[in-house]
Each structure stands twice: as structure tokens, then as C-alpha cells.
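Work out the full structure, taking the sequences as your base and the hints as a guide.
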Amino acid sequence: MNSMQNDSIRVFKRECRNYFYYLSDIQILTQRIEGVDTCMCGVHSIDSIVLGENCRNHNPFISYMVAKTKLEEELKEKEEKILRIINAFQGMPDTSYRCVIWMLYVQDVPKWKVAECFDLNPDYLSQLISDEFERTDWTYMK
20 MNSMQNDSIR VFKRECRNYF YYLSDIQILT QRIEGVDTCM CGVHSIDSIV LGENCRNHNP
80 FISYMVAKTK LEEELKEKEE KILRIINAFQ GMPDTSYRCV IWMLYVQDVP KWKVAECFDL
140 NPDYLSQLIS DEFERTDWTY MK
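Basically the numbering used here = 1-based index in the sequence shown + 19.
There could be a bad hint or two in this list.
[Unchecked claim] Simulated crosslink set (DSBU-like; lysine-lysine; CA at most 35 Å straight-line):
{"no.": "1", "residue 1": "Lys95", "residue 2": "Lys130"}
{"no.": "2", "residue 1": "Lys100", "residue 2": "Lys130"}
{"no.": "3", "residue 1": "Lys97", "residue 2": "Lys132"}
I should point out that these hints are in silico values taken from the structure, not numbers from a laboratory.
Now the structure itself:
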């Protein structure tokens, strides 16, 4: 394996371990965006806008729009991370290893337990996973 592949695999493993954290963030951010939308509905009109850097402090609608934009950007970032993880699994050449790799890196199941589930030696399981990682195209992880 070359250095770029090793870096991509490290990123993949780290991102997999954050998968459920990202899902939780997506749910929280979606709720927060809905909350901002609800608050925006309470603003019936835009009063005269004070131009200048304190504009946001004088107009609640603009404050809500800024907050909503920031939340939407963060939501998009988390969704892209989830999509990269999913694409990585779909890009693995041998579908039979997807489950094993999911258990190891997303669910964080100990290797010995995964090996036991599939009636394999843990060292042999490690070799199979390394072989699968070598066959995987990691260009999406950039």
C-alpha cells in the first residue's frame, strides 16, 4: 500500500468511528433549523434596516437568516461526511467484507468478537481486511 492509501484508510477509519455522532448532529441541526424557521415565522415584517455592522442586532429577521445559514452549512458538512462513508462502503469490491468492516469501524466491535462471529482467526481476519482495503479505490476520501 502506498502512503496515500494509508492516509485515506486512516481517514476512513476515523470517519467511520464518528458515523453515529454525525447522524446525531444531523438530527440536532435539523431540529435547530426548524426552530429558527418557527422563530422567523413570528417576524411579520422587516422594519427599516439599519445599515452597518450592527444590522443583525437591530433586525431579528436578519439575525435568524444568519443563524439559519450557519446551521445549514454545518448540516451540509455532516451530510457530506455520512455520504463519503456510505460511498466508501459501496466502493469496496467485495460486498461480503462490508458487514465485517462496518462492525469493526462503525459499530466499534472488537476484532476478536467479529472474528468469532465468522469463525475466523483474528489475524486472518486482519489480513482479509487489509487485502480488501488494498483493492478499494480511495480517491473519494480526499
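Consistency of the hints with the structure:
{"no.": "1", "hint": "Lys95 <-> Lys130", "in the structure": "holds (33 Å)"}
{"no.": "2", "hint": "Lys100 <-> Lys130", "in the structure": "holds (24 Å)"}
{"no.": "3", "hint": "Lys97 <-> Lys132", "in the structure": "holds (30 Å)"}
The structure shown violates none of the earlier numbered hints.
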